[in-house]
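Asker: What follows is the residue order along each chain.
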Amino acid sequence: MKKWLVFFLAVLSISYLVLLAPFCTYMNNRPVAVRLGYMPHATVLKLAFADYKQLIAQDAVVRVLFYFGSLVDTTKRTVKTTPEYFHMFETLQHAVRLDPYNMDAYYFAQAAFTWELRKIREVNDLLEYGIAYRTWDAQLPFYVGFNYAYFLKDYAAASRFLQRAAELSGNPLYTNLTARYFFEAGQTRVGLAFIEQMEKNTLDPRIKRMYQMRREALHNVDLIEQAVQHYQQQYHAPPRSIEILVKTGYIESSPVDPYGGVFYLTSSGGVQSTSKFALIQRP
Amino acid sequence: MRSCLHIAALILKTAKRDKLLHAIIVVGLLIILFVPAFSLFSMRQVQELSITLATSTLSFVLLVVTLLTGATSIWRDIERKYTNALLGLPLSRQAYLLGKYLGIAAIIGIISILIGCASLVAVKIAAAQYKSDMPILWGTLLVTILFDTLKYLLLLAFALLFSTVSTSFYFSFFSTIAIYLTGMASQEVFEYIHGDYAQKLSSVSLFVVKGLYYLLPNFSAFNLKVYAIYSLKLQLSGLLLTIGYFLVYTALVLCLAVWSFSRRELL
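Sequence lines, in order, name chains S and V. Just so we're aligned, residue 1 is where the first sequence starts under the working numbering, counting upward by one. Just so we're aligned, residue 1 is where the second sequence starts under the working numbering, counting upward by one.
Please keep in mind that the hints were generated in silico from the structure rather than gathered at the bench.
Facing chain S, from chain V, some residues (calculated, C-beta under 8 Å):
id	residue
1	Leu49
2	Leu53
3	Gln187
4	Ser220
5	Ala221
6	Gly238
7	Gly244
8	Tyr245
9	Val248
10	Tyr249
11	Leu252
12	Val258
Think of the CB as a built atom: it goes at the ideal place given N, C-alpha and C, for glycine as much as any other residue.
Work out the full structure, taking the sequences as your base and the hints as a guide.
Answerer: This is the structure we're talking about:
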């Protein structure tokens with residue numbers, strides 16, 4: 001090999017190694033919005049990608065999951081940047097327009113946009129769109145039914161979808177369990193039952209972790225609610241604070257809010273948290 | 001250097017008569033022509049969609065041109081015995097190869113300018129149809145087009161390197177496509193293995209994936225489309241690093257191509 005070529009190669013290799021560290025740091029620290037990217041309108045994508053539209057839809061869902069994962073994973077229980085929820089949801093909407101059978105999109109919408117953001121009607125619209133295609137699937141009507149009952153308190157609409165879930169699954173568990181919980185237990189227990197089922201069915205560790213946090217929070221709320229109930233039975237008045245429940249021995253210690261907030265009692269004896277059960281955002 | 005430029009000029013002259021190249025450019029311009037109409041598919045993001053369509057069209061055209069000219073150029077010259085005639089002249093092999101690179105790079109640059117200008121007009125028309133909340137940052141859009149062009153100039157270096165390794169057209173063509181796909185995905189794979197999924201991978205797999213990440217070209221760095229679409233602020237240091245990365249990486253690949261071509265037997 002010619003000497004000048006060897007010299008050039010050596011110089012370039014060293015330059016490459018020198019450049020690699022700052023370049024990789026820059027690439028790995030790009031804004032999350034850049035990583036999520038932009039998804040064109042589904043109609044255009046359908047025309048452009050024809051046979052590959054399912055692939056594009058799945059890619060979009062995976063990007064949203066990655067983006068969501070980067071928000072939660074890297075900062076543990078806090079988020080550093082304002083999550084691009086609007087773009088996340090829009091990306092999912094486009095994804096299901098491309099591939100209306102993509103269950104990941106529906107599942108993620110249910111997981112991330114109901115509890116955290118209370119976009120119940122939007123999520124239900126998306127899920128009902130999916131129900132029209134996934135005609136065999138009992139999970140989607142179950143989610144819609146749950147959302148109607150738990151978040152919107154529309155029990156008539158809820159029973160319609162839960163009935164459909166029961167018929168599709170051939171298993172009356174959906175209606176029986178939910179009905180029993182609604183009538184015999186408080187809302188918290190309904191939420192706990194739902195989350196336990198969702199957590200059991202998920203494979204994605206990020207979504208699982210999200211549900212674990214939610215379950216932990218609801219479990220602690222349930223503990224306090226039970227203690228409040230017992231206190232009221234004995235003293236015929238709601239306790240003024242959680243500390244009183246600790247002092248009187250109804251709970252051993254004040255439960256910790258996994259979202260980073262502090263639990264407190266409302267004037268009517270209800271349980272609330274300063275975190276409002278959403279990840280506390282740091283500037 | 002002068003002989004390099006002669007070869008580059010020769011390639012440009014040949015490109016003027018290349019009907020396939022003309023057809024690709026016309027198709028690209030036709031797609032750009034429809035961008036304002038296609039953008040109306042979006043209810044709220046007409047401007048954003050027009051930028052996406054215009055920049056994606058440019059990317060696609062440049063990819064096709066890079067593959068067709070870059071991966072086939074040397075193979076065609078060898079097949080038609082042009083190399084025998086050319087290298088019989090007082091012209092070194094490295095001058096021939098670098099001239100080829102410069103010539104094809106100039107073609108890519110000219111196409112980029114042509115379609116880029118048409119894109120700017122199309123975006124302007126589309127944006128006028130529906131007022132967006134975000135301003136169009138023309139500078140960012142131009143930088144996006146420039147960096148997209150740099151991406152294909154780096155890919156072109158790879159196409160020439162593969163052309164010098166094997167006489168088969170298929171090898172250089174499909175290897176270039178493979179490099180393109182892996183280069184586009186390497187950043188996402190790297191981020192993927194840094195999450196929870198890394199725990200499921202063996203340390204050997206992690207080592208291999210990380211090694212490949214540092215070795216393979218990172219084309220994601222040249223993708224600034226989101227910045228142009230959402231009018232995001234560009235980071236100057238990042239852009240300079242990417243330009244540095246482009247220069248060093250392209251020079252390295254071209255050096256390897258020169259070395260490989262100088263050892264090749266041309267029958």
